[in-house]
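Keeping their order, the protein sequence lines are chains A and B.
In this text, residue positions in the first sequence follow the UniProt record's numbering: the first is 1, and each later residue adds one.
In this text, residue positions in the second sequence follow the UniProt record's numbering: the first is 1, and each later residue adds one.
Don't read these hints as lab results, they were simulated from the structure.
Check before you lean on any hint, since a few could be wrong.
What the hints assert, rightly or not - Chain A is nowhere near these chain B residues, computed Cβ spacing over 12 Å in every case: (1) Lys53; (2) Glu58; (3) Thr105; (4) Ser158; (5) Pro183; (6) Ala202; (7) Val227; (8) Thr272; (9) Phe306.
What the hints assert, rightly or not - Straight-line C-alpha distance at most 35 Å; calculated DSBU-like pairs for lysine-lysine: (10) A:Lys342 <-> B:Lys304; (11) A:Lys185 <-> A:Lys6; (12) A:Lys53 <-> B:Lys6; (13) A:Lys53 <-> A:Lys185; (14) B:Lys179 <-> A:Lys304; (15) A:Lys6 <-> B:Lys325; (16) A:Lys185 <-> A:Lys334; (17) B:Lys344 <-> A:Lys334; (18) B:Lys119 <-> B:Lys30; (19) B:Lys304 <-> A:Lys177; (20) A:Lys304 <-> B:Lys30; (21) B:Lys185 <-> B:Lys325; (22) B:Lys185 <-> B:Lys334; (23) B:Lys119 <-> A:Lys53; (24) A:Lys53 <-> A:Lys179; (25) A:Lys344 <-> B:Lys304; (26) B:Lys6 <-> A:Lys30; (27) B:Lys177 <-> A:Lys6; (28) B:Lys334 <-> B:Lys344; (29) B:Lys344 <-> A:Lys119; (30) B:Lys30 <-> A:Lys6; (31) B:Lys177 <-> B:Lys6.
Every residue gets a Cβ at the ideal spot worked out from N, C-alpha and C, and that includes glycine.
The chain contents come next:
Protein chains: 2
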Amino acid sequence: MEVELKEMLSDLQSLKQSLPDPSLHDSLDKIQSRVEHLADLAKAAPVRRSKVKDMSAEVVDSNPYSRLMALQRMGIVENYERIREFSVAIVGIGGVGSVAAEMLTRCGIGRLLLYDYDKVELANMNRLFFRPDQASMTKTDAAVQTLSDINPDVVLESYTLNITTVEGFDTFMSSLKDKSFCPVKQGSGVDLVLSCVDNYEARMAVNQACNELSQTWLESGVSEDAVSGHIQLLIPGETACFACAPPLVVASGVDERTLKREGVCAASLPTTMGVVAGLLVQNTLKFLLGFGQVSPYLGYNSLKDFFPTMQMKPNPQCSNGACLKRQEEYMLAKPARDAAAKAKMEAEAPSEEGPLHDDNEWNISVVDDCELGGPETKSSDALPEGLTRELPSADEFNNLSAPGAPVTDIDDLEDLRRQLEAINSA
Amino acid sequence: MEVELKEMLSDLQSLKQSLPDPSLHDSLDKIQSRVEHLADLAKAAPVRRSKVKDMSAEVVDSNPYSRLMALQRMGIVENYERIREFSVAIVGIGGVGSVAAEMLTRCGIGRLLLYDYDKVELANMNRLFFRPDQASMTKTDAAVQTLSDINPDVVLESYTLNITTVEGFDTFMSSLKDKSFCPVKQGSGVDLVLSCVDNYEARMAVNQACNELSQTWLESGVSEDAVSGHIQLLIPGETACFACAPPLVVASGVDERTLKREGVCAASLPTTMGVVAGLLVQNTLKFLLGFGQVSPYLGYNSLKDFFPTMQMKPNPQCSNGACLKRQEEYMLAKPARDAAAKAKMEAEAPSEEGPLHDDNEWNISVVDDCELGGPETKSSDALPEGLTRELPSADEFNNLSAPGAPVTDIDDLEDLRRQLEAINSA
Chain A
1 MEVELKEMLS DLQSLKQSLP DPSLHDSLDK IQSRVEHLAD LAKAAPVRRS
51 KVKDMSAEVV DSNPYSRLMA LQRMGIVENY ERIREFSVAI VGIGGVGSVA
101 AEMLTRCGIG RLLLYDYDKV ELANMNRLFF RPDQASMTKT DAAVQTLSDI
151 NPDVVLESYT LNITTVEGFD TFMSSLKDKS FCPVKQGSGV DLVLSCVDNY
201 EARMAVNQAC NELSQTWLES GVSEDAVSGH IQLLIPGETA CFACAPPLVV
251 ASGVDERTLK REGVCAASLP TTMGVVAGLL VQNTLKFLLG FGQVSPYLGY
301 NSLKDFFPTM QMKPNPQCSN GACLKRQEEY MLAKPARDAA AKAKMEAEAP
351 SEEGPLHDDN EWNISVVDDC ELGGPETKSS DALPEGLTRE LPSADEFNNL
401 SAPGAPVTDI DDLEDLRRQL EAINSA
Chain B
1 MEVELKEMLS DLQSLKQSLP DPSLHDSLDK IQSRVEHLAD LAKAAPVRRS
51 KVKDMSAEVV DSNPYSRLMA LQRMGIVENY ERIREFSVAI VGIGGVGSVA
101 AEMLTRCGIG RLLLYDYDKV ELANMNRLFF RPDQASMTKT DAAVQTLSDI
151 NPDVVLESYT LNITTVEGFD TFMSSLKDKS FCPVKQGSGV DLVLSCVDNY
201 EARMAVNQAC NELSQTWLES GVSEDAVSGH IQLLIPGETA CFACAPPLVV
251 ASGVDERTLK REGVCAASLP TTMGVVAGLL VQNTLKFLLG FGQVSPYLGY
301 NSLKDFFPTM QMKPNPQCSN GACLKRQEEY MLAKPARDAA AKAKMEAEAP
351 SEEGPLHDDN EWNISVVDDC ELGGPETKSS DALPEGLTRE LPSADEFNNL
401 SAPGAPVTDI DDLEDLRRQL EAINSA
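All chains should be built: construct the whole structure from the sequences, respecting the hints.
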């Protein structure tokens with residue numbers, strides 16, 4: 001707009017010079033002063049920040065990355081700038097996905113792939129991110145508008161499509177496979193897929209794609225009554241896939257059917273969705289940048305501020321063929337993993353006994369390999385306090401297998417013991 | 001801008017009519033088409049949504065409150081629309097306070113009072129809420145700009161001041177006392193104060209004001225290494241105040257001095273701050289609307305996804321005079337509380353034994369009154385796993401009293417026992 005106003009001023013100037021009658025100059029002056037006023041107004045309008053070539057740790061007010069690069073100085077992250085190499089796909093740009101996208105954008109992620117087919121509505125304004133003036137835009141367009149203003153350094157790719165349709169699924173698959181952003185990367189073209197959808201079918205589509213591509217993903221969900229949610233890490237072949245067992249959700253004590261069904265006007269809160277998005281992206285950062293422990297499953301019961309954890313091994317009778325292939329590959333790679341772990345252990349601490357699973361670069365504690373595929377002696381109903389199984393109706397989703405046996409995380413058990421002891425000794 | 005462009009078009013029209021030479025019409029036509037183009041651009045600019053008189057539960061895309069009113073239909077909240085009567089003060093509009101303000105605004109809170117003296121900088125862009133184009137605006141002005149666009153129904157009051165100065169503290173106090181928004185309200189003019197500041201002095205100022213006004217408040221904090229945080233409920237006389245004991249923070253295992261000190265370039269993450277803001281506002285909603293259980297203290301250790309809880313009773317030797325007055329009042333009101341509890345119990349369940357503390361309208365589980373002021377037999381070092389004391393240097397803050405004894409929440413203990421049992425039986 002500023003350019004156009006400047007051109008208009010020069011047009012007015014030349015018109016004034018060619019005017020024979022000076023009495024008409026007054027009218028032109030009036031128009032000229034209006035244009036000048038508009039130019040002032042336009043100058044006050046938002047200016048986008050320019051791109052930054054390298055992430056600097058310099059402590060100045062104008063550096064958008066100073067507080068992130070400080071994570072290195074504080075000893076939390078070894079190399080923060082690596083974040084610019086990573087690609088994250090976010091499926092579903094709603095109450096959780098949009099906030100997750102904003103968090104990753106502000107963290108300076110390399111590339112974001114955004115998938116949604118829905119439009120912004122005023123009824124979405126009770127959640128963070130979208131603005132009333134974006135109503136009727138597609139969620140992908142509105143997200144790209146907001147995110148590119150926040151951080152022009154992030155490469156944004158948006159896909160306005162439904163991944164549960166044949167065509168949508170094909171485009172989804174090929175976008176995940178595209179390695180042009182980082183050709184040297186192993187595996188698919190993305191480092192992590194975040195599922196932020198609100199229905200079972202879309203989760204199954206993400207599950208199918210990730211099983212086929214051997215792609216690690218994080219699933220998230222918020223209950224229909226708005227007061228609980230969860231995140232779950234899924235590594236094809238290594239952990240249970242979404243089809244291995246009926247999905248676990250946090251028991252709110254209010255309604256058992258807590259995974260959102262399409263068409264139902266569910267309740268939602270910006271708080272629950274903000275917390276779930278925060279936990280999701282925090283675990284994304286831990287996974288990508290290699291710090292802390294990535295949670296295999298983390299629930300959030302907001303009524304009691306209770307956060308159940310657990311993990312599940314793959315189901316050897318899983319109905320998903322791609323999952324079974326990944327399980328087989330994972331088993332076959334066991335000798336190589338063990339050898340690598342042993343070599344690493346000996347190189348790092350030749351005289352001491354190291355941890356059993358030192359090949360675990362993301363610090364995820366998982367089930368012992370040798371347990372994989374063993375007989376299911378544990379009752380499938382023995383879930384940790386606060387978790388319940390989501391059982392879709394059999395006629396709708398009759399390809400579900402028997403539930404896999406949940407396996408308790410040893411770290412959590414020890415945490416609980418220590419907490420109990422501290423409480424008892426107080 | 002639209003009005004000005006319209007006027008300019010009519011100016012051009014009259015100029016054209018008074019022009020003797022038709023050869024000059026071309027230049028004018030050119031200018032006219034430019035103005036028309038600008039008018040089109042201006043029309044495409046953001047339009048704010050209009051105010052809503054009553055909160056409707058109608059399930060239509062254009063209703064910004066449908067998903068919140070659904071909380072009633074789902075049985076979570078008895079009367080959601082009550083939220084329009086409440087006033088919440090947010091001190092500190094940074095990484096936690098700004099997100100808390102946005103969440104409450106989107107929830108349709110009646111009135112928000114915002115306090116900050118700082119300006120928006122590009123270095124803040126690694127946290128949610130502020131936009132790069134708001135750099136150099138005061139945080140209060142920028143927040144009012146964004147929040148009023150999101151929800152024009154919320155009454156916003158902003159105070160660009162430092163509450164740790166004498167003048168700032170006086171204005172802070174009188175703004176909290178002002179009851180013009182809801183004259184029938186008991187106590188102060190606000191229902192809850194949220195402390196979202198990043199330094200000890202400001203927290204002590206909030207503590208002083210709330211102790212003097214008998215004002216319940218929620219404190220929040222994020223560690224300097226960005227990977228942990230906490231929220232804490234403070235009810236003057238009933239729970240420990242901020243001066244009763246050195247503040248508790250979540251141990252991250254990285255740095256002991258985890259409460260932010262001014263002037264230090266701390267690390268920060270949008271994830272940790274988003275989670276803390278979400279937990280803070282979720283507990284605010286539970287407190288205001290009377291559902292679920294308000295947490296007395298909730299920590300967040302993001303490296304392990306561990307959430308320690310605990311609670312503290314007031315310190316009878318607290319150095320804060322106003323705290324001691326509130327403790328005395330709370331003791332004196334015990335017979336009245338007991339009588340009210342008994343009456344309520346008999347009215348609700350005449351033939352059965354009810355809970356001991358049925359006078360507790362916010363469902364907060366607190367220490368038994370008779371324990372208040374009793375001998376401190378418990379070791380002050382016996383803290384639940386994952387919590388540590390923040391000890392400011394003695395010369396800076398030498399008015400700190402001896403630590404109060406932490407008291408374990410019975411509900412949490414039982415939760416832990418149940419969780420352990422479920423794990424062991426699995």
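How the hints compare with the structure:
No Cβ of chain A approaches the Cβ of Lys53 (chain B) within 12 Å, the least distance being about 15 Å, so the stated non-interface status holds. With 12 Å as the threshold on Cβ separation, the claim that Glu58 (chain B) sits away from chain A is violated: the shortest Cβ distance comes to roughly 10 Å. A beta-carbon of chain A is positioned within 12 Å of the beta-carbon of Thr105 (chain B); the least distance is around 9 Å. Under the 12 Å C-beta cut-off, the non-interface status given to Ser158 (chain B) relative to chain A holds; the minimum distance is some 20 Å.
No Cβ of chain A approaches the Cβ of Pro183 (chain B) within 12 Å, the least distance being about 29 Å, so the stated non-interface status holds. Even its closest Cβ contact with chain A, about 19 Å, leaves Ala202 (chain B) beyond 12 Å, as expected for a residue assigned away from the interface. A beta-carbon of chain A comes within 12 Å of the beta-carbon of Val227 (chain B); the shortest separation is about 6 Å. With a least CB separation of 7 Å from chain A, Thr272 (chain B) falls inside the 12 Å interface cut-off, contrary to its annotation.
The beta carbon of Phe306 (chain B) is not kept farther than 12 Å from every beta carbon of chain A, the shortest such distance being approximately 6 Å. Proximity of Lys342 (chain A) to Lys304 (chain B) is assessed by CA-CA distance (about 26 Å); at most 35 Å being required, the pair is judged to hold. A distance of roughly 48 Å separates the Cα atoms of Lys185 (chain A) and Lys6 (chain A); the hinted pair therefore is violated under the 35 Å criterion. Taken as a hint, the Lys53 (chain A) and Lys6 (chain B) pair is broken in the structure, with Cα atoms around 43 Å apart against an allowance of 35 Å.
Restraint check for Lys53 (chain A) and Lys185 (chain A): the C-alpha separation of about 22 Å stays at or below 35 Å, so the hint holds. Distance restraint check for Lys179 (chain B) and Lys304 (chain A): the Cα-Cα separation of roughly 32 Å lies within the 35 Å cut-off, and the hinted pair is therefore satisfied. For a cut-off of 35 Å, the pair hint linking Lys6 (chain A) to Lys325 (chain B) is broken: about 67 Å separates their Cα positions. Proposed proximity of Lys185 (chain A) and Lys334 (chain A) is supported: the alpha carbons are some 23 Å apart, at most 35 Å.
Restraint check for Lys344 (chain B) and Lys334 (chain A): not satisfied, since their Cα atoms lie roughly 64 Å apart, outside the 35 Å limit. Straight-line distance between C-alpha atoms of Lys119 (chain B) and Lys30 (chain B) comes to about 43 Å, which puts the hinted pair past the 35 Å bound. Between Lys304 (chain B) and Lys177 (chain A) the alpha-carbon distance is near 32 Å, which keeps this suggested pair within the 35 Å criterion. Restraint check for Lys304 (chain A) and Lys30 (chain B): the C-alpha separation of about 67 Å exceeds 35 Å, so the hint is violated.
The suggested pairing of Lys185 (chain B) with Lys325 (chain B) holds, with an alpha-carbon distance near 22 Å, which does not exceed 35 Å. For the hint linking Lys185 (chain B) to Lys334 (chain B), the alpha-carbon distance of about 23 Å falls within 35 Å, and the restraint holds. Restraint check: the Cα-Cα separation between Lys119 (chain B) and Lys53 (chain A) comes to about 25 Å, which is no more than 35 Å; the hinted pair holds. Among the hinted pairs, Lys53 (chain A) with Lys179 (chain A) is consistent with the structure: their alpha-carbon atoms are about 22 Å apart, no more than 35 Å.
For the hint pairing Lys344 (chain A) with Lys304 (chain B), the CA-to-CA distance comes to about 24 Å; that is within 35 Å, so the pair holds. With a CA separation close to 14 Å, the supplied pair Lys6 (chain B) and Lys30 (chain A) stays within the 35 Å bound. Taken as a hint, the Lys177 (chain B) and Lys6 (chain A) pair is broken in the structure, with Cα atoms around 52 Å apart against an allowance of 35 Å. Between the alpha carbons of Lys334 (chain B) and Lys344 (chain B) the distance comes to roughly 15 Å, so the proposed pair stays at or under 35 Å and holds.
Between Lys344 (chain B) and Lys119 (chain A), the direct Cα distance comes to roughly 50 Å. Violation of the 35 Å bound is thereby established for this hinted pair. Proposed proximity of Lys30 (chain B) and Lys6 (chain A) is supported: the alpha carbons are some 14 Å apart, at most 35 Å. For the proposed pair Lys177 (chain B) and Lys6 (chain B), the alpha carbon gap of about 47 Å is over 35 Å, so the pair is violated.
When held up to the earlier numbered hints, the structure conflicts with 2, 3, 7, 8, 9, 11, 12, 15, 17, 18, 20, 27, 29, 31 and fits the remainder.
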